[in-house]
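Q: This is what each chain is made of:
2 protein chains.
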Amino acid sequence: MSITAQDVANMAEVSVSTVSRVLSAPEVVAPGTRSRVLAAVEKLGYQPNRSAQSLISGRTSTLGLIVPDMQNPYFAALAKGIQERAWESGYLVVVADSDEDIAREKALLQGMNQQVDGLLLSSLRSDMEDLTDLLPSTEIVLINREMRGIDSISQDNIEVIRMLTRHLGALGHRQIAYIGGPKNSWSDAQRRRGLEECRQDNPGFEFIDLGATSPTQAGGYASADFLIASEATAVICFNDLVAVGVLERLRARKVAVPEDFSVAGIDNVSVCNAVSPTLTSVGVSQQRLGRTATELMLQKITRRTLPRASGRTKAAAEKGSAPTRNRASSMPDTSTAGNELELPIELVVRDSTGPLKAAPYAPD
Amino acid sequence: MSITAQDVANMAEVSVSTVSRVLSAPEVVAPGTRSRVLAAVEKLGYQPNRSAQSLISGRTSTLGLIVPDMQNPYFAALAKGIQERAWESGYLVVVADSDEDIAREKALLQGMNQQVDGLLLSSLRSDMEDLTDLLPSTEIVLINREMRGIDSISQDNIEVIRMLTRHLGALGHRQIAYIGGPKNSWSDAQRRRGLEECRQDNPGFEFIDLGATSPTQAGGYASADFLIASEATAVICFNDLVAVGVLERLRARKVAVPEDFSVAGIDNVSVCNAVSPTLTSVGVSQQRLGRTATELMLQKITRRTLPRASGRTKAAAEKGSAPTRNRASSMPDTSTAGNELELPIELVVRDSTGPLKAAPYAPD
DNA sequence: TTGTATGCGTTATCAT
DNA sequence: ATGATAACGCATACAA
Chain X
4 MSITAQDVAN
14 MAEVSVSTVS
24 RVLSAPEVVA
34 PGTRSRVLAA
44 VEKLGYQPNR
54 SAQSLISGRT
64 STLGLIVPDM
74 QNPYFAALAK
84 GIQERAWESG
94 YLVVVADSDE
104 DIAREKALLQ
114 GMNQQVDGLL
124 LSSLRSDMED
134 LTDLLPSTEI
144 VLINREMRGI
154 DSISQDNIEV
164 IRMLTRHLGA
174 LGHRQIAYIG
184 GPKNSWSDAQ
194 RRRGLEECRQ
204 DNPGFEFIDL
214 GATSPTQAGG
224 YASADFLIAS
234 EATAVICFND
244 LVAVGVLERL
254 RARKVAVPED
264 FSVAGIDNVS
274 VCNAVSPTLT
284 SVGVSQQRLG
294 RTATELMLQK
304 ITRRTLPRAS
314 GRTKAAAEKG
324 SAPTRNRASS
334 MPDTSTAGNE
344 LELPIELVVR
354 DSTGPLKAAP
364 YAPD
Chain H
4 MSITAQDVAN
14 MAEVSVSTVS
24 RVLSAPEVVA
34 PGTRSRVLAA
44 VEKLGYQPNR
54 SAQSLISGRT
64 STLGLIVPDM
74 QNPYFAALAK
84 GIQERAWESG
94 YLVVVADSDE
104 DIAREKALLQ
114 GMNQQVDGLL
124 LSSLRSDMED
134 LTDLLPSTEI
144 VLINREMRGI
154 DSISQDNIEV
164 IRMLTRHLGA
174 LGHRQIAYIG
184 GPKNSWSDAQ
194 RRRGLEECRQ
204 DNPGFEFIDL
214 GATSPTQAGG
224 YASADFLIAS
234 EATAVICFND
244 LVAVGVLERL
254 RARKVAVPED
264 FSVAGIDNVS
274 VCNAVSPTLT
284 SVGVSQQRLG
294 RTATELMLQK
304 ITRRTLPRAS
314 GRTKAAAEKG
324 SAPTRNRASS
334 MPDTSTAGNE
344 LELPIELVVR
354 DSTGPLKAAP
364 YAPD
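Respectively, the protein sequence lines represent chains X and H. If you read the first sequence in our numbering, its first letter stands for residue 4, the second for the next number, and so on. If you read the second sequence in our numbering, its first letter stands for residue 4, the second for the next number, and so on.
What the hints contain is simulated information worked out from the structure, not anything from laboratory work. One or more hints might be untrue.
Listed next, the in silico PhoX-like pairs over lysine-lysine satisfying Cα-Cα at most 25 angstroms (straight line) [said to hold, decoys possible]:
#1 H/Lys-46 / X/Lys-109
#2 X/Lys-257 / H/Lys-257
#3 X/Lys-303 / X/Lys-109
#4 X/Lys-257 / H/Lys-360
#5 H/Lys-109 / X/Lys-46
#6 H/Lys-109 / H/Lys-303
The task is simple: from the sequences and hints, build the whole structure.
A: Here's what the structure looks like:
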């Protein structure tokens with residue numbers, strides 16, 4: 004840490020400015036001196052002090068990511084994709100876990116805000132206001148949540164429901180239940196919109212609302228009994244974790260899957276292959292989603308030319324370029340303008356869904 | 004970002020130094036001015052520029068974490084614990100994923116080194132040399148790997164094997180197989196030592212080496228056939244992911260668990276509850292391990308009084324205080340000196356292990 | 001108790 | 001093409 008540009012300058016017998024130039028604009032310095040400096044850099048193992056660079060440039064080469072739960076495989080995969088893409092562009096990623104706690108989320112937002120060039124926010128529960136406060140100071144990209152005026156990229160949850168409905172319909176199911184997620188979840192709201200659309204498009208179908216549950220295995224476990232008690236022959240779960248919980252409870256109650264019920268999850272996380280029966284699921288690759296979100300963030304950051312001597316605080320808030328809205332979708336999107344990013348939604352059919360055999364489960 | 008201490012100073016009609024003092028040593032400034040400054044800070048929403056602070060102090064309030072795979076639930080949980088504990092002390096955590104790639108790991112080591120106050124390295128595969136190069140410039144804590152001269156904290160893998168052996172032995176098993184992990188894995192080496200110890204302590208037992216595999220579900224899937232072909236009635240898997248793969252393959256081959264084989268995993272990650280049969284496993288809580296490692300790291304960092312105007316590069320390398328070695332163990336540890344940290348190892352028995360019913364699986 | 005001045009390591013501006 | 005010098009925002013030794 005203690006070896007500075009001055010040390011290099013001494014060894015190469017040049018000034019610090021030349022050292023700096025060799026690293027930032029090599030072509031402008033004479034080949035002779037350049038190689039001399041480079042040699043010194045190499046020998047001393049000099050690496051510019053990032054803090055000093057940041058102090059001048061106002062940029063940290065660091066991105067922030069806030070997720071509700073790192074242990075949830077969905078967010079783990081997302082984080083992996085983000086970190087990967089960021090690293091390719093020389094960015095580090097600070098990952099923070101709000102533990103599904105909205106107060107903690109706000110604190111993280113505040114705490115990370117100034118130390119990163121941009122904030123990637125995944126499925127957060129915070130209000131609009133909390134975000135708009137930060138907006139002038141930090142670039143923000145929302146993942147799986149859309150708010151007007153803020154860039155975002157999300158899975159097309161309506162299409163997700165459509166695909167699942169079509170799949171289950173093709174298997175003969177007409178009574179389809181839905182186990183929902185947290186009430187303030189944007190994804191859940193979208194999925195319910197999808198259900199509504201499907202209800203109207205498919206008069207022969209019945210969609211049964213099994214209410215909300217926590218987006219975990221435990222939540223699914225607790226909801227499975229509602230499913231058994233319902234008229235449904237198939238169920239769509241808020242996410243794969245919930246679906247796993249449902250499978251577990253169904254097994255405990257000796258209900259066969261997919262013979263008695265077809266169970267489908269959403270997101271297609273890795274655990275789908277680990278459970279038995281393996282779980283049918285649909286979604287975009289989280290890693291790709293993460294990469295794409297990061298891509299967008301990097302564009303925003305590098306596009307922005309930072310004013311060396313800018314106006315006062317409030318001036319920055321006014322720059323408000325028309326925010327781009329992006330949607331990961333398998334269908335052409337009809338939204339406003341800007342760069343549309345499309346990610347393919349994959350439906351992966353596994354053992355937990357099958358043809359409608361008979362009447363739904365009825366205990367003897 | 005653009006509001007500085009000068010702005011606050013102007014509003015409070017004091018000098019910048021007073022502003023700085025109010026925040027760092029409030030008791031040394033007159034109550035009147037103090038509240039005046041505080042009011043201005045509040046009103047302006049002033050937050051000190053971290054880069055400027057870092058430039059002076061040489062510390063970044065950031066920790067680095069390198070894991071081989073964030074998607075592996077083991078490392079996800081570990082990262083969660085680390086992030087949590089770090090946040091409590093005002094530290095952010097940069098998480099990087101080497102994707103099991105040793106070259107990438109080296110690059111990450113290099114790249115993060117200077118931007119963090121300390122590096123938490125989990126199960127890395129790098130050579131000793133690569134680390135000792137960094138040692139003078141960064142504090143390092145190894146997790147689940149021990150190297151002389153470097154602080155580390157790990158699960159007591161020998162005890163882990165002992166507990167599993169005792170458990171399986173109590174169920175009547177005498178032929179126990181082991182499916183190992185990566186060849187250069189420190190954990191795997193420890194576990195094999197544990198097996199060796201058990202072999203000597205339990206003359207009636209036979210331990211069967213089923214070789215190495217990748218530490219994934221796929222690895223377990225591929226190894227299960229060796230298990231079936233062996234004399235074993237029970238198997239200990241390198242980790243839970245491998246165990247899940249084994250279960251899957253056994254199911255595919257219509258081998259009943261635990262009737263025909265008892266299957267045990269190591270680490271007790273969350274997926275143990277999701278599979279069927281639920282998986283018996285043993286290990287320390289990853290989150291606690293992460294917290295403890297971070298605790299140690301924070302102690303190292305804050306203990307170190309950084310010399311404002313220090314000697315040259317090499318001088319720092321000489322400080323070499325006797326490194327502490329820590330081990331998470333359920334038994335008192337007899338290693339050298341310093342702070343011994345003990346974490347309880349939990350054995351969680353689930354459905355995948357059971358009493359030896361009859362002869363091991365033999366196809367009709 | 002408070003203000004002035006200096007320096008942290010780097011980049012950018014201006015001379016030369 | 002290169003070197004001196006001035007910021008960047010903050011903390012601190014020293015002066016008052």
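Q: For which of the previously enumerated hints does the structure constitute a violation, in increasing order of number?
A: Result: no hint breaks.
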